[in-house]
Amino acid sequence: MTLLTVQNLTVKRGECPVVDHASFTISAGECVGLIGPNGAGKTSLLRGVLGLLPHEGHSSLAAMAPRQRAAQAAWLPQKREIAWPMTVERVVALGRLPYLARGARLTPADQSAVDAALTRMGLAGYRDRLATALSGGEQARVLIARTLAQDTPLLLADEPIAGLDPAAQIATLQVFESLAQEGRAVLTSLHDLSLAARYCTRLVMMSAGRIVADGPPEDILTAQRLEEVFHLRAEIIPTAHGPLVQPHGVTL
Amino acid sequence: MKLFGALMGLTGVMFLASLFVGYAAIPIPEGLAALFGQGNPLFVTVMQEIRLPRTLLAAMIGLSLGLAGAAMQGFLRNPLAEPGLIGVSGSAALGAVVALQTGLAAAFMLALPITALVAAALGVGLILLLAGPRGSSLTLILAGIAVSAFAAALTSLALNLSPNPYAASEIMFWMMGSVANRAMDHVWLALPIMALGWLILAGLGRGLDALTLGEDAAEALGISITRLRLQLLVGTAAAVGAATAVAGAVGFVGLVVPHILRRFAQGRPSTLLWASALGGAAMVMAADLATRLILPDRDLKLGVVMALIGAPLFLHLIYKTRREVA
Numbered sequence: 001m002t003l004l005t006v007q008n009l010t011v012k013r014g015e016c017p018v019v020d021h022a023s024f025t026i027s028a029g030e031c032v033g034l035i036g037p038n039g040a041g042k043t044s045l046l047r048g049v050l051g052l053l054p055h056e057g058h059s060s061l062a063a064m065a066p067r068q069r070a071a072q073a074a075w076l077p078q079k080r081e082i083a084w085p086m087t088v089e090r091v092v093a094l095g096r097l098p099y100l101a102r103g104a105r106l107t108p109a110d111q112s113a114v115d116a117a118l119t120r121m122g123l124a125g126y127r128d129r130l131a132t133a134l135s136g137g138e139q140a141r142v143l144i145a146r147t148l149a150q151d152t153p154l155l156l157a158d159e160p161i162a163g164l165d166p167a168a169q170i171a172t173l174q175v176f177e178s179l180a181q182e183g184r185a186v187l188t189s190l191h192d193l194s195l196a197a198r199y200c201t202r203l204v205m206m207s208a209g210r211i212v213a214d215g216p217p218e219d220i221l222t223a224q225r226l227e228e229v230f231h232l233r234a235e236i237i238p239t240a241h242g243p244l245v246q247p248h249g250v251t252l
Numbered sequence: 001m002k003l004f005g006a007l008m009g010l011t012g013v014m015f016l017a018s019l020f021v022g023y024a025a026i027p028i029p030e031g032l033a034a035l036f037g038q039g040n041p042l043f044v045t046v047m048q049e050i051r052l053p054r055t056l057l058a059a060m061i062g063l064s065l066g067l068a069g070a071a072m073q074g075f076l077r078n079p080l081a082e083p084g085l086i087g088v089s090g091s092a093a094l095g096a097v098v099a100l101q102t103g104l105a106a107a108f109m110l111a112l113p114i115t116a117l118v119a120a121a122l123g124v125g126l127i128l129l130l131a132g133p134r135g136s137s138l139t140l141i142l143a144g145i146a147v148s149a150f151a152a153a154l155t156s157l158a159l160n161l162s163p164n165p166y167a168a169s170e171i172m173f174w175m176m177g178s179v180a181n182r183a184m185d186h187v188w189l190a191l192p193i194m195a196l197g198w199l200i201l202a203g204l205g206r207g208l209d210a211l212t213l214g215e216d217a218a219e220a221l222g223i224s225i226t227r228l229r230l231q232l233l234v235g236t237a238a239a240v241g242a243a244t245a246v247a248g249a250v251g252f253v254g255l256v257v258p259h260i261l262r263r264f265a266q267g268r269p270s271t272l273l274w275a276s277a278l279g280g281a282a283m284v285m286a287a288d289l290a291t292r293l294i295l296p297d298r299d300l301k302l303g304v305v306m307a308l309i310g311a312p313l314f315l316h317l318i319y320k321t322r323r324e325v326a
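Residue numbers (our numbering), protein chains in the order written: chain Z, 1 to 252; chain X, 1 to 326.
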């Protein structure tokens with residue numbers, strides 16, 4: 001089942017296209033890693049797909065009414081904000097907002113979605129702690145749990161594992177992997193190519209606003225592409241856990 | 001719910017105290033009867049035409065300022081924001097000063113508040129024009145500062161060119177803010193406009209909750225930031241514009257009350273909205289009561305007492321936050 005269709009999506013900053021005629025579809029069961037160097041247009045693509053940026057072309061998400069879109073896709077922005085000293089549970093419960101009538105309290109179904117999200121991110125013991133008093137990495141996990149509580153078929157995340165410790169990085173990507181296995185889909189930008197190769201079912205590579213490659217990780221990560229797109233000299237070592245990308249120099 | 005009960009209780013107590021404490025000592029049973037037009041005609045006049053409008057106005061103004069302050073802080077995600085930030089109170093004050101200066105205020109009783117309301121509306125219109133429909137929070141703040149500064153400059157100019165010292169001192173006293181010597185006509189003029197503002201601001205809770213996660217995340221949760229900002233501006237203009245028009249500038253309420261109550265609202269902007277509204281009403285009634293009790297023979301101004309209470313309270317809060325952060 002197709003969960004997201006994007007056709008010829010162009011996002012411009014002034015006159016300059018930062019996303020240039022991007023087209024792709026995402027089906028249920030996929031965990032898609034969006035990779036590319038800084039400034040390749042990953043964030044603009046994600047925000048354009050959601051309709052948060054003015055754009056040309058078509059995105060099935062951007063075409064939806066805001067409330068309907070919120071029930072279809074959850075969005076984890078790169079900038080992690082928790083403005084007020086709220087408990088972890090309350091922050092995660094904000095993910096239920098699209099389903100609540102004005103001024104209504106959480107229903108038992110909402111509460112169980114919140115509990116499931118907390119458990120999934122290993123935050124059950126943090127429930128009553130103030131989110132603003134946690135470390136940066138812990139806050140990042142709280143915000144990921146918030147998107148999980150939204151319980152949507154599709155999850156879009158912008159560098160969700162940046163700043164997490166290695167165990168939390170792997171745990172987060174394992175959650176994304178299991179979401180895909182449940183029949184949902186994930187589109188996430190990532191910088192760690194080895195982790196991307198291990199946990200994503202498919203990689204989309206961007207360079208200067210264009211999608212330059214799209215396919216299974218083993219086909220996408222080639223030494224030649226890493227050199228052309230990432231300006232990296234790297235060795236790609238096949239291992240039992242998928243390809244390991246070992247960069248050993250830059251070609252700038 | 002405990003918070004709601006406590007604040008309702010506090011507001012109720014302040015309301016009763018404001019009605020029954022004053023220059024003329026009226027026993028409570030007779031005062032109650034007088035409130036409904038029964039008994040001693042002198043008491044009836046005092047209760048119905050002096051104490052009731054004064055108490056109602058203090059409550060309404062506090063509610064407006066508390067609610068607008070909580071909304072403004074929630075929208076800008078900044079505990080230093082206050083309703084005066086968008087220049088509504090400055091423009092309303094300018095309108096009032098113009099009315100006093102030109103002698104229009106003497107034409108009929110409501111001439112001053114009406115001029116102030118028109119000026120407040122003009123000020124907000126100007127800000128909407130400057131900040132644009134899709135502008136960021138920063139442009140909104142900058143536009144507010146520009147409009148406030150311009151209104152303040154024109155107000156000073158009016159004082160500067162004042163024809164006689166009486167006009168100048170009248171303006172000065174008006175600007176200190178007060179709910180003394182107001183009639184029910186003031187209540188009827190301000191109430192519909194304020195109520196409209198309260199309704200609009202009360203509808204912001206859900207959007208402000210979502211904004212805790214930032215503008216991008218809120219938008220993805222189905223909240224229209226553009227609409228939220230328009231509601232905030234119009235609601236604040238109506239509530240605070242009307243408050244300033246009938247009572248002059250009363251500062252610190254919109255800044256301090258949400259700050260004090262945030263902890264009790266567990267940080268939730270939607271809870272803080274109504275908590276701040278009730279807390280604001282209680283605080284302004286308490287301050288007005290203080291003006292009557294401290295120096296009953298001198299006309300102590302509400303705005304002055306509010307700042308005298310508010311500033312040390314704010315300092316205390318800063319001191320506490322500093323210790324928490326360190």
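No lab work stands behind these hints: they were computed from the structure. For glycine and all other residues, C-beta sits at the position ideal for the given N, C-alpha and C. Errors might be hidden in some of the hints.
One-sided excerpt, in silico: chain Z residues whose CB lies under 8 Å from chain X [as the list claims (entries may be wrong)]: (1) R69; (2) F230; (3) R233.
Simulated restraints, written as ranges between beta carbons of each label pair [unchecked claim]: (4) Z:R127 / X:L293: 23 to 31 Å; (5) X:L130 / Z:T5: 49 to 57 Å; (6) X:A6 / Z:G122: 49 to 57 Å; (7) X:T102 / Z:D128: 43 to 51 Å; (8) Z:G137 / X:L230: 36 to 44 Å; (9) Z:A101 / X:L230: 16 to 24 Å; (10) Z:L252 / X:L3: 31 to 39 Å; (11) Z:A124 / X:L293: 47 to 55 Å; (12) X:T102 / Z:A63: 49 to 57 Å.
TODO: Take a look at whether the Cβ-Cβ distance between G137 of chain Z and L230 of chain X falls inside 36 to 44 Å.
DONE: Taking Cβ atoms as reference, G137 of chain Z and L230 of chain X lie about 37 Å apart, which means the hint holds.
TODO: With respect to the beta-carbon atoms only, verify the hint that T102 of chain X and D128 of chain Z lie 43 to 51 Å apart.
DONE: violated (60 Å)
Task: Evaluation of the interface hint that places R233 of chain Z against chain X, nearest CB under 8 Å - done: violated (36 Å)
- [ ] Can you let me know if the beta-carbon spacing of L130 of chain X and T5 of chain Z is within 49 to 57 Å?
- [x] Violated - the Cβ-Cβ distance for L130 of chain X and T5 of chain Z, about 40 Å, lies outside 49 to 57 Å.
TODO: Check the following: the C-beta atoms of A6 of chain X and G122 of chain Z are separated by a distance inside 49 to 57 Å.
DONE: Once the Cβ atoms are compared, 37 Å apart, the range 49 to 57 Å for G122 of chain Z and A6 of chain X is violated.
- [ ] Could you check the hint for me, namely that L252 of chain Z and L3 of chain X are 31 to 39 Å apart, CB to CB?
- [x] Hint violated: Cβ distance 59 Å, outside 31 to 39 Å.
Task: Range agreement (Cβ of L293 of chain X with Cβ of A124 of chain Z, hint 47 to 55 Å) - done: At 53 Å between Cβs, range holds.
TODO: Kindly confirm whether 23 to 31 Å is satisfied by the beta carbon distance between R127 of chain Z and L293 of chain X.
DONE: violated (47 Å)
- [ ] For A101 of chain Z and L230 of chain X, compare the CB-CB distance with the range 16 to 24 Å and indicate the outcome.
- [x] holds (22 Å)
Open item on the list: Hint validation: F230 of chain Z versus chain X, beta carbon distance must be below 8 Å. Holds or violated?
Closed with: violated (27 Å)
TODO: With respect to the beta-carbon atoms only, verify the hint that T102 of chain X and A63 of chain Z lie 49 to 57 Å apart.
DONE: Holds - the Cβ-Cβ distance for T102 of chain X and A63 of chain Z, about 56 Å, lies within 49 to 57 Å.
Open item on the list: Holds or violated: the hint that R69 of chain Z contacts chain X, with Cβ atoms closer than 8 Å.
Closed with: holds (7 Å)
The earlier numbered hints that this structure contradicts are 2, 3, 4, 5, 6, 7 and 10.
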